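Q: Single-letter residue listing:
2 protein chains.
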Amino acid sequence: MDVLIVGSLAYDSLETPRGSREDELGGSASYGGFSAAFHNRRMSGGGIGLVGVIGEDFNSKHLAWYSSAGLDVSGIETTSGQTFRWKGSYHGNMAEAVTHETHLNVFEHFQPKVPLSHRTPKVLMCANLHPSLQSSVLSQTSAQRLSILDSMNLWINIAHDQLLEVMRDVDLVVLNDGEVRMLASDENLIQAAYKVLEMMDGGILVVKRGEHGVIALHPDGLISMPAYPTSDIMDPTGCGDSFAGAMSQFLANGNGEVSRKELAESLVHATVTASFTIEKFGSERLRNLTVDEYDIRLEEFRIISKTS
Amino acid sequence: MDVLIVGSLAYDSLETPRGSREDELGGSASYGGFSAAFHNRRMSGGGIGLVGVIGEDFNSKHLAWYSSAGLDVSGIETTSGQTFRWKGSYHGNMAEAVTHETHLNVFEHFQPKVPLSHRTPKVLMCANLHPSLQSSVLSQTSAQRLSILDSMNLWINIAHDQLLEVMRDVDLVVLNDGEVRMLASDENLIQAAYKVLEMMDGGILVVKRGEHGVIALHPDGLISMPAYPTSDIMDPTGCGDSFAGAMSQFLANGNGEVSRKELAESLVHATVTASFTIEKFGSERLRNLTVDEYDIRLEEFRIISKTS
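As you go down the protein sequences, you meet chains L and Z in turn. Using numbering that gives the first Met the number 0, the letters of the first sequence correspond one by one to residues 0 to 307. Using numbering that gives the first Met the number 0, the letters of the second sequence correspond one by one to residues 0 to 307.
Quick caveat, the hints were computed from the structure, so don't treat them as lab data. Bear in mind the structure is a predicted one, so any value in this text is a computation, not a measurement. Where a beta carbon is used, it is the ideal one built from N, C-alpha and C, also for glycine. There could be a bad hint or two in this list.
To be verified - Using 20 angstroms as the maximum straight-line C-alpha spacing, the simulated PhoX-like pairs for lysine-lysine come out as follows:
hint, chain 1, residue 1, chain 2, residue 2
1, L, K305, Z, K260
2, Z, K86, L, K305
3, Z, K305, L, K260
Claimed, not checked - Which bits of chain L does chain Z cover? Going by a derived footprint, with three or more residues having C-beta under 8 angstroms, they are:
hint, region
4, 181-193
5, 206-213
6, 222-233
With the hints as extra help, turn the sequences into a complete structure.
A: Quick look at the structure:
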């Protein structure tokens, strides 16, 4: 298995200036999974597994979406109750989501159980989830190359210490700029990022900046690149998760320590992948993405962002 | 003459979280001039001229600063009255200046007169100034390669139509992201930039985004690059002007139509130059910059921002 993704599987109710959707398939593991699966197909990789929980109301059509994308769903548990639900909206330039409702539902008492067959992936991607659940997954798993962690502002507020603990247990942390500023209590993003890296006791920190691109701190130095310049924004939900999913699959292709050059290349793929996610509601664009259209935009991005 | 820079020569009173200064030498032509002069020395270019106006209170020490940087000051007029003064402060992450006072003083009745020897520069840089003064300079000058225009939010508000007129008369317009959004009445920066390009009837549009880097629209396609990741911010005053100054001198080195590749290379130099400006109050860092330290950071920036 190339990448094991643990995270939320959700139904989202979304409103953006471009329209609205009810019960759209979402969640960090869904977006991360569809994104990693695309890159797995593109590179003829070794498979992607999902671990998460769904309720009895989960539509079997959506399980079929996972399977037809090539995702191994044997690690998805079904329990009595409703699937996790999130309701949110985006306004103005859609840079930030406003959360209206969060119903943990089946996630409230979820205890992740990683199947034996899933315990030694090349890359473990702990997508956004309560830090204590991420810790539990880390203790059950032994990533061959790399463990990656994503999180969100909610856990910085209500599970700060547990989050810091699990951040120290992984090789690479991916956060957005607001989360990094919040964790470090520092307005200057570069200073804040170095402070967060210290809290992590080293490793790699990737800071997603939405429309402003991404910076990353690697032991061999900093990386900074712009976003793909998208004017056609339909729904930003899942952009960060598909970013992390693409990065995970790309880093599963290599061996040994992750070099700065390899990290930068993974961020190029993550950037281009996320630029597709935003173009349609939910996972639609990601699920229907072809290798040809991806490769064209990849080359375009390299030209747009060329500095030497 | 490689570059003729027309703009303000000013005394600034500044307050930032890192300290304050009274009567610091500033103004768009000062920052643009010191920046272009640095690149002129670095590339052994053909000289830079300034056109602007100062009052009787102008300190001769500051004229000596211009001259020792290699700037031709024969186009600077001295009239009775006080030099233009601006008082402002920066807060938080210092992304935006708060203006406390603006005293036009000698600029109130200024009619720019471009000396005969200055009328055919390779590049004319109309730095930030009232659009009608920029128009007057354009009509007196015949740039051999390129005319460039910078502006500010004030003129969008109080001289909107004159600004649009002069924007149509130049080859390249440089604005910041807030100004572009304001002119286009569009929150999405990419969409807004294309709308401003239409208002310009084509040409090249460069959009400075401060800590978020720069995008540019060139007939052959878009360019996007990050800023140099600076954590040591002392005073952002003049960053945009030194950005434009470096770009102007770089574009004075070539001939014929400006290619996308050449524009991108000029933006790399502009980005790296501005990253020095911000490290000290006023023009201090720019005036003392050495070619060696510049070249080291230039290479560093290329590595940091490499996407292929």
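Q: Could you work out which earlier hints the structure fails to respect and list their numbers in ascending sequence?
A: Hint 2 is the one this structure does not satisfy, whereas the remaining hints hold.
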